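Trainee: Work the whole structure out from these sequences, hints included.
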Amino acid sequence: MGQDVLIEEIAPGAEKLPDFRGESSWVVAKEKLSELMTSLKAKGYTYLVDLTAVDHHGTDPRFEVVYELCNLREKKHLRIKTKVAEGDAVPTVSNIWKTADWHEREAWDMVGVRFADHPDLRRILMWDGYPHHPLRKDFPLEGLPTEMPDIAFTAKAPLEGGPFVTSSASLTQDREPRAHPAEERSL
Amino acid sequence: MSTTTLEFGDTLARTAESEDVGEKLVLNIGPSHPSTHGVLRLVLELDGEVITKVDTDIGYLHRGDEKIAENMTWNQFVPYTDRLDYMAPLANNVAYACAVEKLMGFELPPRAKVTRVICCELARISAHLLGLGAFAMDVGAMTMFLYTFTEREKIYNLIELLTGARFTTSFTRVGGQTRDIPPGFLEGVTEFCAQFPGRLDEFGSMLNRNRIFVDRTKDVGIIPDDIALDYGLTGPNLRGSGNPYDVRRAFPYLDYQTYDFEVPVGSTGDCYDRFAVRMEEMRQSVLILRQAVAKMPGGAWQVHDPKNVLPAKDKVLTKMEELIHQFLVVTQGPDAPVGEIYFGAENPKGELGFYLNSRGGGVPHRLKIRAPSFCNLSILNHLLPGHTVSDVPAILGSFDFVMGECDR
Chain U
1 MGQDVLIEEI
11 APGAEKLPDF
21 RGESSWVVAK
31 EKLSELMTSL
41 KAKGYTYLVD
51 LTAVDHHGTD
61 PRFEVVYELC
71 NLREKKHLRI
81 KTKVAEGDAV
91 PTVSNIWKTA
101 DWHEREAWDM
111 VGVRFADHPD
121 LRRILMWDGY
131 PHHPLRKDFP
141 LEGLPTEMPD
151 IAFTAKAPLE
161 GGPFVTSSAS
171 LTQDREPRAH
181 PAEERSL
Chain Z
1 MSTTTLEFGD
11 TLARTAESED
21 VGEKLVLNIG
31 PSHPSTHGVL
41 RLVLELDGEV
51 ITKVDTDIGY
61 LHRGDEKIAE
71 NMTWNQFVPY
81 TDRLDYMAPL
91 ANNVAYACAV
101 EKLMGFELPP
111 RAKVTRVICC
121 ELARISAHLL
131 GLGAFAMDVG
141 AMTMFLYTFT
151 EREKIYNLIE
161 LLTGARFTTS
171 FTRVGGQTRD
181 IPPGFLEGVT
191 EFCAQFPGRL
201 DEFGSMLNRN
211 RIFVDRTKDV
221 GIIPDDIALD
231 YGLTGPNLRG
241 SGNPYDVRRA
251 FPYLDYQTYD
261 FEVPVGSTGD
271 CYDRFAVRME
281 EMRQSVLILR
291 QAVAKMPGGA
301 WQVHDPKNVL
311 PAKDKVLTKM
321 EELIHQFLVV
331 TQGPDAPVGE
341 IYFGAENPKG
351 ELGFYLNSRG
361 GGVPHRLKIR
371 APSFCNLSIL
381 NHLLPGHTVS
391 DVPAILGSFD
401 FVMGECDR
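Chains as they are written, first to last, in our numbering: chain U, 1 to 187; chain Z, 1 to 408.
Take the hints with a grain of salt, since some may be wrong.
Said to hold, decoys possible - In silico lysine-lysine, DSSO-like type, Cα no more than 27 Å apart, as pairs:
(1) U:LYS30 / U:LYS41
(2) Z:LYS67 / U:LYS156
(3) Z:LYS67 / U:LYS83
(4) U:LYS98 / U:LYS83
(5) U:LYS81 / Z:LYS218
(6) U:LYS75 / U:LYS137
(7) Z:LYS102 / U:LYS76
(8) U:LYS83 / Z:LYS102
(9) U:LYS32 / U:LYS75
(10) Z:LYS67 / U:LYS137
(11) U:LYS76 / Z:LYS24
(12) Z:LYS102 / U:LYS137
(13) Z:LYS113 / U:LYS75
(14) U:LYS16 / U:LYS30
(15) U:LYS156 / U:LYS98
(16) U:LYS75 / U:LYS43
(17) U:LYS98 / Z:LYS113
(18) U:LYS75 / Z:LYS67
(19) Z:LYS113 / U:LYS76
(20) U:LYS81 / U:LYS156
(21) U:LYS81 / Z:LYS102
(22) Z:LYS102 / U:LYS16
The hints are simulated quantities; they were obtained by calculation from the structure and are not laboratory data. This one's a predicted model, so the numbers in the text were calculated from it and none came from an experiment.
Mentor: The following block contains the structure:
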């Protein structure tokens, strides 16, 4: 458990989450992130598998950035998470792992988490000038209209009453939205 | 009549300046171009024929799969995984199902595991065959594509026998498959394994020492192994650079540790090495297929958990209890626990990973797809400068990427 000692040493106050399905996760303050990641890479975590952001809409701080690290020599997996409020920035790790460059651009594009000191924080999947961050929980599945009429996909998508996910609810029309004819549905 | 005086020093300085700057040309390749294998766009800055700067533009095939996933139950997302790496839909189905099963804490019965290994390896051979054919065509060997497609056709016939569909298989469900392997399938796989290595030798003899092919791929697009790992390259692209990381070996799933196979690695990390690694991986997949067919156990082919796994169809149609379970699983989804997991699988293109964040219930809170093609392409901005334009198709072909997976 070499990395546990290291994390506690560099980032005192880091919280170790209970192991789940054999994976260990830590929540680290974002101020300590750069220093910790540099040390972890020197310690053998040379492969940044994935970097992603999660929107916990309604909680504070709202966003969570998740780093999946892998130590190829010791065949170990480690998850580091850091919390960030809306409008705040997380220090970039693209100077530590080059692969983080595109992952951070994607996290900014999709969830709208800023990465401080990123060399080129542009949108990557959506087009330049797109005003929304689609993977936020307050972004509806059908999309939001944009004020750029010359570009495709500026209107809402027709969903025909979907998404057809049901959840535990007492009324049939709540549980199964297609159970009633379209004119009775409130679309 | 007026005269203009030119100062000698100034003219010299101007000449020197213009020579230094030269004339840079910006060339736009794609998004629709035969060598970009889909909708990849490259903005190249050229000095003569040499590339000086690259901007890789992706996102033309973005469908918002991750957003869609947050609005449906776990099993409903399976057809979307077909469309990630659409050269190997079976392997994506298996990777996704294994990820959700890790979250659920399921342990698959042996028959399901071996079935899935056969799925993965058939998908690997078929994806590498397409990658090989397209790569050879990109560098001028047109015939290869037709040869590899003949072999792919045989695999499609097997996949159709197994899943009912040739391309969009949607074969797995959380806790098992849609059905057991049909009669005649294992015999078909054995027959394929018997004739395929001979065909592979034939393919090799057409390319391995083909002067044009070697000249265009040898020492082109060299990636040192530490740079490859830094950019998150996985699969044959990483192993071509000499790093032996293979998820099947490093973090075995589906009991891959019980199979006897080699992980081929390259030495220089050029386009030829990436090609050679794929050729050898197909041979190793044939070995794995033979072992899997030989040890196919009997018994259950899906997890026994009536409240979370779809019951057998004949029982649904005749029994009350199973009908209720079917209704619950279909409408509300498998009841996943609260938690988060990452599961990576060795797909033909590299490590396909799923990060699942669940708040309980039948719908994911966040589903992130770690797409191997996305990470593999991120090195292009670094790799291409210094090469000539004619190297671009060779390098792109040797990367064997799929935009459906890159853009999600």
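Trainee: The structure should be examined with respect to each hint, and the outcome stated for every one.
Mentor: The hints, checked one at a time:
Among the hinted pairs, U:LYS30 with U:LYS41 is consistent with the structure: their alpha-carbon atoms are about 17 Å apart, no more than 27 Å. Of the supplied pair hints, the one linking Z:LYS67 and U:LYS156 holds, its CA atoms being roughly 15 Å apart against a limit of 27 Å. In summary, the hint linking Z:LYS67 to U:LYS83 is supported, as the alpha carbons are separated by about 21 Å, within the 27 Å threshold. Between U:LYS98 and U:LYS83 the alpha-carbon distance is near 22 Å, which keeps this suggested pair within the 27 Å criterion.
Between U:LYS81 and Z:LYS218 the CA atoms are separated by roughly 42 Å; this puts the pair beyond 27 Å, and the hint is violated. A distance of roughly 35 Å separates the Cα atoms of U:LYS75 and U:LYS137; the hinted pair therefore is violated under the 27 Å criterion. Pair hint Z:LYS102 plus U:LYS76 holds up; C-alpha atoms about 17 Å apart against a cutoff of 27 Å. For the hint pairing U:LYS83 with Z:LYS102, the CA-to-CA distance comes to about 25 Å; that is within 27 Å, so the pair holds.
Under the criterion of a C-alpha separation no larger than 27 Å, the hint pairing U:LYS32 with U:LYS75 is consistent with the structure, at around 25 Å. In summary, the hint linking Z:LYS67 to U:LYS137 is supported, as the alpha carbons are separated by about 9 Å, within the 27 Å threshold. With a CA separation close to 47 Å, the supplied pair U:LYS76 and Z:LYS24 exceeds the 27 Å bound. For the suggested pair Z:LYS102 and U:LYS137, the alpha carbons sit about 25 Å apart, so the restraint of at most 27 Å is met.
For the given pair, Z:LYS113 sits about 22 Å from U:LYS75 by alpha-carbon distance, which is consistent with the 27 Å threshold. Simply put, U:LYS16 and U:LYS30 have alpha-carbon atoms about 15 Å apart, close enough for the 27 Å limit, and the pair holds. A C-alpha spacing of about 36 Å is found between U:LYS156 and U:LYS98, which places the hinted pair above 27 Å, so the restraint is violated. Annotation: proposed proximity of U:LYS75 to U:LYS43 holds, straight-line Cα distance about 13 Å (limit 27 Å).
A C-alpha spacing of about 36 Å is found between U:LYS98 and Z:LYS113, which places the hinted pair above 27 Å, so the restraint is violated. The suggested pairing of U:LYS75 with Z:LYS67 is violated, with an alpha-carbon distance near 32 Å, which exceeds 27 Å. Between Z:LYS113 and U:LYS76 the CA atoms are separated by roughly 23 Å; this keeps the pair inside 27 Å, and the hint holds. Pair hint U:LYS81 plus U:LYS156 does not hold up; C-alpha atoms about 34 Å apart against a cutoff of 27 Å.
Under the criterion of a C-alpha separation no larger than 27 Å, the hint pairing U:LYS81 with Z:LYS102 is consistent with the structure, at around 20 Å. Straight-line distance between C-alpha atoms of Z:LYS102 and U:LYS16 comes to about 21 Å, which keeps the hinted pair within the 27 Å bound.
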